[in-house]
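Peer 1: Guided by the hints, dock chains B and C onto chain L, whose structure is given.
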Amino acid sequence: MKAVEIHNIYKSYKEVKALSGINLQVKKGELFGLIGPDGAGKTSLIRILATLLYPDEGQASIFGWDTIDEFREIRKIAGYMPGRFSLYQDLSVEENLNFYASIFGTTIKENYHLIKDIYQQIEPFKKRLAGRLSGGMKQKLALSCALIHKPDILFLDEPTTGVDAVSRKEFWEILKSLEQVGITIIVSTPYMDEAELCDRVALMQQGRLLDVDTPANIIGKYDHDLYAVESKTLHRLIKDLRTFDKTTSAFPFGDTVHLATNETFRRQELDKFLSGKGHENITIKPIEPGIEDCFMNLMRRQNDQ
Amino acid sequence: MTNKNIIEVENLVKKFGKFTANDQLSFNVKKGEILGFLGANGAGKTTAIKILCGISAPTSGKVSVAGFDAVKHPERIKQNIGYMSQKFSLYDDLTISENFRFFGGIYGLSRKQIRQRTGELLQRLDLYDYRNRILRSLPLGWKQKLAFSVAIMHDPQVVFLDEPTSGVDPITRRQFWELIYEASEEGKTIFVTTHYMDEAEYCDTVSMMVAGQIRAFGKPRELKEEYDVASINNLFIKLARN
Amino acid sequence: MKRFLAFVKKEIQHIFRDTRTMLILFGIPIAQILIFGYVVKNDVKDVQIAVYDQSKDEYTRQLTNKLTSSGYFNLNRELKSMKNIDRIFKEGEVKLVVVYENNFSKKLHGENNAAVQLIADASDPNRANLITNYSAAIIRDFVKEEFNIDQLPFQINSEVRMLYNQNLASVFMFVPGTMALILMLVSAMMTSISIAREKELGTMENLLVSPLRPTQIVIGKVTPYVLLSIINAITILILGVFVFGLPIRGSLTLLMLESVLFITLSLSLGIFISTMSPNQQVAMFISLFALMLPTLLLSGFIFPIENMPRVLQWISVIMPPKYFIVILKNIMLKGTGLAFVWKETLILGAMTTVFIILSVKKFKLRLE
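Protein chains in written order, with numbering that gives the first Met the number 0: chain L, 0 to 304; chain B, 0 to 241; chain C, 0 to 367.
Just chain L, with the same shape it has in the complex (with noise of 0.2 Å):
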């Protein structure tokens, strides 16, 4: 039996179309991935997943259940934590968790091998009221109380949006030792380069699904070469790229320009035609496409549909 299984799921408000029709499946024990930008459906799917939302059309279910009909048994097995930071801000660190243990019928000490690892992290601030926690910490208390029930599955919407960088690695740290134990995990995240830390994942854009399928894949399906372009100057260097006559797109990778093409150029072509332009320092060189490129390139492929 699968974990999740979606079927042609249809969902908007009013004129805006949130999601058109979905069809997806999650294996038992993943770590699964929704990835997209703010607009894609991610936060609508996990939301009728987790049975808080209805979809207008499709049918989906949790190791069998399904979302409407069978709602209360996926209640019992799922955790959730949604986007927004959303415990209360006016009881502190160990109230919070307290409460939403015995609102599950269980207590801290039951599953507290469960949440040690993150809980120690916040531990030295369990009577501090959760209003006033860091960014960081808000996230390990929400996932502490997600998880306080032992969940069999998880669904985190965006948690780690507007998160520092420091903070998310160790989120996705926490992340891949919740795997090891057997949850299933559902994460979604704006986060291109979050992606490649899943198992599986689903690059959504305006409600529909680009891909799935293993990042590994992902990659290996790009379609085009790629070469990362560097001069003196980042900007100028993008809009000449543009005007080279075999580029297919140019866009700012960090430091470098991603330069994707379908026809095959010397990269002395290219040099030259820099040069001419007044360029220095240039380099070339072929690379590997990340997520983020994938993503690009399905999402133009998208729109030019």
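Hints are computed from structural coordinates only; laboratory data are not their basis.
Only a predicted model underlies this, so the values are computations on that prediction, with no experimental measurement involved.
C-beta: ideal position from N, C-alpha, C; glycine also.
Derived coverage of chain L by chain C (criterion: at least 3 residues anywhere in the stretch with Cβ under 8 Å from a Cβ of chain C; other residues may be distant):
| no. | region |
| --- | --- |
| 1 | 50-59 |
| 2 | 62-75 |
| 3 | 79-86 |
| 4 | 91-102 |
Beta-carbon label-pair distances, calculated as ranges:
| no. | chain 1 | residue 1 | chain 2 | residue 2 | range |
| --- | --- | --- | --- | --- | --- |
| 5 | C | Leu311 | L | Asn7 | 48 to 56 Å |
| 6 | C | Gly201 | L | Lys108 | 24 to 32 Å |
| 7 | B | Phe101 | C | Thr352 | 46 to 54 Å |
| 8 | L | Glu69 | C | Leu311 | 46 to 54 Å |
| 9 | L | Asp116 | B | Pro138 | 34 to 42 Å |
Peer 2: Just chains B and C now, with coordinates in the frame of chain L:
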């Protein structure tokens, strides 16, 4: 980029009770420079930005923005800066041109100036034909670009951008940065915060705050060499973890 | 049960950590009662009266004397006829006209019965109410002192006439009214806001994905407010009795039971409002405009229902406080029992049932 300093900060200290949010910050930003202002959550970035914008007064130290002292003339600073954040954006229930008219009015632009700037900026975004559309129905990426255009409408010398690209798709995010580059080429100084570390590399200069202090300040390439890291992301992790 | 207790504990922590909530819960009721008390205690002082004395004998002079020496009333002028009363009131200075009938002393001795008429300017009904009650009380005192007997066989019939507003209710009206108002405020508004807050802050999402049932969530949220409202009801009664000498002539147990019924009704209204409000602001707005204003204006608290336009009278029929005020008045002031208020009790009970069913039905197990 010229050699004229637009932002000058010297020994800026801001305390809240016993807590020191900004500890002896000193740095200069030049005209037309793009400064990436990075730091962990709670490192004191927001506090510093508020002081630079003239919203909050420093406990001690000297701050001058666009030639005006932040303590003595905060209202003069406000006339000369633009501000955009992920939280503060335009009015959802007004049309694009109504938003431009409103914010232009706030900064005291004449009707003629407003009409002219609106036309210019919308044409640059290729959104002139949509000027009578209600904002709510537009995609997030467009809204962010519009919000940026509104922030530079009164031709400020400095633009503060607080996580302007948060949640925006990868292509639009890059298009947004092209707008930033254009503004910088016009001579505007850009002060930007972001959680996308690749964006830090697009900046002329980055500043890395940890626990109220600036731990690293310089050109991305030089910083990476100095700390022997492959990316600004790694530099961030290296500095913030210690 | 453990879940339930955890919920109640959490709710109490919220209440006690928020000064604003505490203020609404305990500050406003006390302040409101005391403000009304202040108004009542001090309003009748140096009120200008006019006297039309048709007999001018020993008793009428003594009586006028007693009225003016009480500190409450000042004799503004003596009248020669009834004709000018309307004009005098319109001038605005004189608030009460005392009219003694002809041969007052003689009648009092001969027939043991004499009439004095009190005519009040009731354009301000509450004040008129107070004034006439004070003057009537002074007249009663006078009879008692003078003849050392309660009323019989000697009797002065004080006939009260309210000009401009004929059917005034009792002077103690405001305590039952305030009680209804405060219980409504605390119970309905606070619960609706506290549930709406969970929605607004997103914590409702966390509760919804838990195995808690809607009734568990609702009862858990509401219980602390039931307790607090009961405490409030008792506070108001104690203040009423000791500050204003409000009588409680009927059964205290019945009074408390009726209060609990009304509290439950208000709470269910609060829950109902919260199911329609996405955030605290909307909840507050609906509570104020759908509950508070009608309670103030349409329940007979301030303006007598009998004098309202027909349409407003119909609307007042669905105002729960109206029935509660009737019940309170009956029990406290008239000392009647359930036999006299069963109809109102039944109506309140029915309303409670309807709103509980509606709110549990409307309470969404999902987000919008």
